[in-house]
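**Student:** Chains A and B supply the protein sequences, listed in that same order. For the first sequence, this note's numbering assigns the number 1 to the initial residue and increments by one for each residue that follows. For the second sequence, this note's numbering assigns the number 1001 to the initial residue and increments by one for each residue that follows.
Heads up, a few of these hints could be off.
One-sided and incomplete, this derived list gives chain A residues near chain B with beta-carbon spacing under 10 Å [what the hints assert, rightly or not]:
| hint | residue |
| --- | --- |
| 1 | 34 |
| 2 | 58 |
| 3 | 161 |
| 4 | 165 |
Pairwise CB distance ranges, derived in the manner of DEER restraints [to be verified]:
| hint | chain 1 | residue 1 | chain 2 | residue 2 | range |
| --- | --- | --- | --- | --- | --- |
| 5 | A | 243 | B | 1120 | 36 to 46 Å |
| 6 | A | 3 | B | 1057 | 49 to 59 Å |
| 7 | B | 1034 | A | 42 | 46 to 56 Å |
Everything labelled a hint here was simulated from the structure, so no lab data went into it. Even glycine gets a Cβ: it sits at the ideal position worked out from N, Cα and C.
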Amino acid sequence: MDVKIYGEGTSRVGVRQITPKIFWICHCIGEGAGDVNGGFVSDFARANPILDPEATDIKYNSFLFLDEKTFLVDTLSPGQHDTMLAALRDILDGRNLDYMWISHTELPHAGNTAAIRRVHPELELLTVGGHDHYEVHGLEDAKLLDFGARVNLGEHEIEIIKPLFVDHALTQWLYEHNSGFLCPVDWALNVQRPDQSFRFMDEMEEVGYSAERFMHEVSTTSRFVFPWLRWADADETVKMVEEFLATYDIRIFAPSHTNVIRKDIPKYMAALTKAMHMAITSKYELVY
Amino acid sequence: MLRHVVDDLYQIGESVCGQDGWHEAIRVFVLLNDGCPLIFDAGSHLHRGQIMDELKELLGETAPGFVFLTHTELPHTGNLSAILKEWPETKLVVSSAILPYCELPWWVTEDQVLFGYAGTDGTYGGRSISFLDGILKDQPGTHWMFDHQTGTLFTADAFGYLFHASADAKFDDELEEGIPQDWLQRYHEQAFRFLPQVSGEKVNADISKVFGKRSVNVVAPTHGNAIRGNTDQCVARLNQAILELC
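For reference, chain B alone in the conformation it holds in the complex (with noise of 0.2 Å):
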């Protein structure tokens, strides 16, 4: 379903239903960037319908300049040939820690492909993007974005949460008591089964220095709707879950 986040920020992307009605967001984030839109991840194949009559809703004539890669597990990718075939001339910006020629599908060409350094910004269709590298994170290529202009932090698989089927068009600043600690625990819990591995308090220290360093105001996670309300108010029940299951 196609949303307006805040400024030109737009969420599209549908979910899947899994055991006991859980929901899981598979999201795509558009930045229109006036002229020179700008796609965060690509979505899943399983909505490759939707996504794509949400895209050209969105974008009209424009065509997108860049698809940026959070990371290549098929959910972020899934949607990649589609959005290709309609916009050839599309760039893909990915992380520089990942191996193009066996991490993407092999008909994606090397001048299709650039690479964005963790710590580094890149100027996109005029936009400043700047890159770091992804914290909290299931697959070793995976990077964290984040736009200066909206002031939003894209970050892939972190800070998804799981949901009931009543929430899923909802930001969190449309929902009663905003994005429940459980929602996210159950989320972080499937996707980070390291989680009972580590030191909580040494992920959570991490994740304090990113927002430490910049100003947040909207977090853009892959599976989960973006967090525009209460960012604060996320983070500390996202620290509270990783507590618990760590």
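Chain A extracted, bound-state conformation (with noise of 0.2 Å):
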């Protein structure tokens, strides 16, 4: 496995490349994860019995497009302030960044947009239109994007696309068509064991890993990301679901929170639409 690695911990950061141009920057604890993340995830295995109690490791994913011009998903978190600008460096190799997009403005997802900004003053923000009061988040001087608009990068041609599951109202997606990429943010988060940190999920079936565990993990933690789900209907939702993954040819799966699907991605998108109803189905109580 082909992975530099930066810092430890909370702030340790791995690059992977997925294509020759699209590199996976991820954030994961490894080991010691279960004592940072252990009550967070405890939540999880609460919730779903039949998951693997020692998959403690959430994973924070930031991509990077190395095309004509370069494009940033995301910035990771405060906590990977030096580890993420390394890595940057690194793969940008003295090249500019011309694009930085936040998928939406929670501290995992945009928390180094100044840091990052400083180092690079001539990339051009982007962001959602349509809302206001844009200040209030930091994005005040930031490009919109209206879902639809295109990013030509060179090779790579970046559609904002409209999002199945949201939380905060800024949330956007992403579909990049000449390598079938899609950033769906936080849908189809799952967990993994300290020791099995950067890997593709093809490597993950490797360790163990299956798509019916990606099945129950998602099906769990979707309650937690996307609360509003015991509100919705299970039938509408994988109707949604469905007719989504009809309308893009998904290449590569590279959520914000999963490891990047590189194979078998019917399989993987089979499982995730199933976990969708499983959650909304579950039964499970708020605390009032």
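The two chains are supplied separately, each in an independent frame; assemble them into the complex guided by the hints.
**Tutor:** Here is the structure:
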């Protein structure tokens, strides 16, 4: 496995190449993840006893397109400030950063925006249009893009697409037409053991992971990530997912908190579709 | 602007003006709590000067004991650095559903953070605060909190509303007809983009359970003024707004 690692623990970042021109910049803690994430992840295990109690590590992903133009997808959190900047510096290797796209303004996705802009004052900050009061979220000078807007990078053409599952109001998803790269942001969060860092999903299968386990994990994590699913209709949601999957030719499935899936996409999309039905129909109570 | 709400509850913070003159408030609430003030949300970085001036005016020589964060988005944490710089001994209280190392500024240390667990009560400076799930929320790690002494429910983004400039300084009981449904609807349509995908009846049923479980005298939304005059009316109007949006 070819991975370059920066830092350790809560600042650790690993870089992997998905294609010659698309890089995966991933933060996960590795050893000691249970000490940091334990309380949070134990909620998943309590909600679904089938889940692996040792899978305590959570991924935070950023992606970089290195084409004629360069394009960064999200920034990781301030906890990875130095390591993210170091990784970016090495991948860019002296090149400018042309675009930085913020999927939504939570700290794990946008927390290094200011730091990266200080290093790359030339970049254009991109976010989704159609809202109001952007200054409240620190996006007052961002270029606003409508759903359907495209950004040409050379070989790659990125389209800003309407998300199926949102938490923050400014959430947007991204699809790249040449590679079939889809970033559905917070959708499909899965967990991993501390010794399973920086693996593509096909490499997770080498250590015993499976689409079925992915389905059970996502059915559980989705209840926490998208708590509004408890009020949604399961059949309508599945229909919506199926229509979405029929619309986009996905060849690289690259969410913000999931192992990048580059092989057997239909198998994992089928598991994901079932997971969403399970997330809605499984019983779970709120604390009122 | 600094305003007294009820008892020892105060409201500070400013608003921003957006398209067509609609304002969005970003408030900070303070319980003076007899020498150990409790602050709810830290306010926006946009209003750092005003917030700090008002906090110092309100608190005088007394340092706040705790800052409770409803969640960790910028409008709620943007002024955290100024508060903790001024009063470095102040502790943060956050939802157990967040991971501080990723969701709080990097300079916040582990020993500064306390967790509130939904379904539990905690005592802070002698004051009992209950934690419950954020029922209507955008960020997963959002919790609602309840102060038993004043009967105040801190609802994060929920119950926010957009308003015209003339209503910036007014509580619901200072507006002729309270907070209109349209104002609530405008805010919730923007903030909770998922509402068209869900059942309004189910959302309202969950909100109703919160109010059925406790006697709420004041609703304190971060993006609106405290609702202290007629909470029943406001809940009914929010319910109607949600039915319209879903």
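**Student:** Now tell me if each hint is right for this structure.
**Tutor:** Results for each hint:
The interface hint given for residue 34/A is broken, as the beta carbon of that residue sits about 13 Å from the closest beta carbon of chain B, more than 10 Å. The restraint placing residue 58/A at the interface with chain B holds, with a minimum CB-CB distance near 8 Å, inside the 10 Å limit. A least Cβ separation of about 14 Å between residue 161/A and chain B goes past the 10 Å threshold, and the interface hint is therefore violated. Evaluation of the residue 165/A hint against chain B yields a held restraint, the C-beta minimum of about 8 Å falling below 10 Å.
A hinted range of 36 to 46 Å for the beta carbons of residue 243/A and residue 1120/B is consistent with their spacing of about 42 Å. At about 53 Å, the CB distance of residue 3/A to residue 1057/B agrees with the hint of 49 to 59 Å. Checking the proposed 46 to 56 Å range against residue 1034/B and residue 42/A shows it is violated: the Cβ atoms sit about 36 Å from each other.
Of the hints listed earlier, those the structure fails to meet are numbers 1, 3 and 7, in rising order.
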